[in-house]
Amino acid sequence: MLVEQIAVFLENKSGRLAEITAVLAENGVNIRALSVADTADFGILRLIVDKVEKAKEVLKANGFTVGKTDVIAVEVDDKTGGLARVLQCIKEASINVEYMYAFVNKTGENAVLIFRFEKMEEAITMLQNGGFTIISREQICAL
Amino acid sequence: MTVAYWEEEIETLPRVGLESVQLSRLKNLVARVYKTVKPYRVKMDAAGVKPEDIKTLADLAKLPFTVKEDLRDNYPFGLFTVPLDEVVRVHASSGTTGKPTVVGYTAKDIKTWSNVMARALCCAGATKNDMVHNAYGYGLFTGGLGAHYGIERLGATAIPVSGGNSKRQITIMKDFGSTVLLSTPSYALNLADSMDAMGIDPKSLSLRIGIFGAEPWSENMRDEVERKLNLKATDIYGLSEVMGPGVAQECLHTERGMHISEDHFLPEIIDPDTGEVLPPGEKGELVFTTLTKEAFPIIRYRTKDISRLFYEPCACGRTLVRMEKITGRTDDMLIIRGVNVFPSQVEHVLMGVDGVEPHYQIVVDRDGNLDTMEVQVEVSEGFFSDEIRKLENLNKYIQMEIKDLLGVTCKVKLVEPKTIQRSEGKAQRVIDNRRI
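From first to last, the protein sequence lines are chains A and B.
According to this note's numbering, the first sequence is numbered sequentially starting from 73.
According to this note's numbering, the second sequence is numbered sequentially starting from 436.
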């Protein structure tokens, strides 16, 4: 039920994002989705990729600090209120969202929401009970 | 101008007389320390020297050195020569790692200290008619209280304002009519800037003398402070291991160095590599032996400060030897806003944080007149998190731990691995961009 996400530590220096994407491209890693969280001094790049282990290995080899985190990917119809319904469900269980980002899949019909919750297991249960579609690791790689 | 002395007889005693006072005190000291303090006895025995081997001042060179590590090894009170019930005060300064360096004073030591500090104030030109603004920090640091007792001993009026809050400092200076300012030289410049911002002309104040110490400063800085604060700026030297402020003080002939209260603190200059005593006038590491201290005497303490000693007579009439302004250190100690900081202390803090590897660098700079310290820490996988909040909390935690241990506020910056320069495989720990 969980999807693996790669996180990379970034100092706020020009060209760092370009370097990461170049390293991934050279090694045939495809980026499905990404988000950058930033502060005044540093940023964290979060990536959903098709080859997680490969991505981690090549980034490390290039001197980046890389972490792997489990996140939850929820598929919703790309329609008004899609995200709102998910958040409502989570809110009822008083679960905090640490962070989230989203992308629209190739067909353009569905949106995929990537979540990191404070309580991951509870969130999965809530979402399943709420009838939401949770995407597996294999599915996201195949998207 | 007539020169005022606090204790004219001893301050102007011909060297022969001074040296005989020093020798008899040294003999007493060595005999007492050998008898009462085991760590000293062990070291002297190992060096094959007995108290009765001290027959001349030159025999001092036979005695083993004392270093900061000795203080740490005997933490907190192991080097005291009197029972604790005779100790009326302790002070502490930062050690090179976690544990501070502790020193103690008997009632007589406090008297001696007050006296040498009064001598220092007098040497700088202060009198009992002065209103003395003491902006050294009060507390475990010897600066505040050490100076304070000297001001009272002199009979001047002490304003125990301590450090910080420049606006209030200036209001007090103006309203109370402060005539003498005691602070670090960089804080004095900071006060000058605050005055400027407040629209206060230093000439409208009553300041006439500045006694600045606890950090190295240059002749250029002296010119700047004198110009900006409209006072005569003098240098004071002291360290807690020896006594505190008042070990040495510049007279009004400031180009000649600081007069050491030699009847209490016996100086030597050694080659820091070989430990050999160097002839007068040569540059090397300053070493002190306390001649009169009771609770915490110290024999041949290596200060790690680099200086020179001048024995030629001074125009002020004092025969007390003069030490040159400190021109450097033999170790990696930094002085940040008057506080001693060792890179090893920062390392100690970082090692205590889960997952943090000691890949760090300390960048020191001067923003306006205030020292800034930034600790750059490489982010390793051990503590990397994909959540901003966790990394920011870690950053704050390191900052607080450093503040707790060192007493210095610093900025912590998380950096990518391998960003810290490694020269010949060894990381360069400190980058000091200050131009002092």
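If you're looking for bench data, these hints aren't it; they were derived computationally from the structure.
On a predicted model such as this, the values are computed, not experimentally measured, just so you know.
One or more of the hints may lead you astray.
Quick list of in silico lysine to any residue cross-link-like pairs, SDA-like style, CA-CA up to 20 Å [what the hints assert, rightly or not]: (1) B:Lys846 <-> A:Asn84; (2) A:Lys85 <-> B:Met768; (3) B:Lys846 <-> B:Met768.
Outcome of the hint check:
Between Lys846 (chain B) and Asn84 (chain A) the CA atoms are separated by roughly 16 Å; this keeps the pair inside 20 Å, and the hint holds. The hinted pair formed by Lys85 (chain A) and Met768 (chain B) fails the criterion: a straight-line CA distance of about 31 Å is larger than 20 Å. For the hint pairing Lys846 (chain B) with Met768 (chain B), the CA-to-CA distance comes to about 18 Å; that is within 20 Å, so the pair holds.
Of the numbered hints listed earlier, the single one contradicted by the structure is hint 2.
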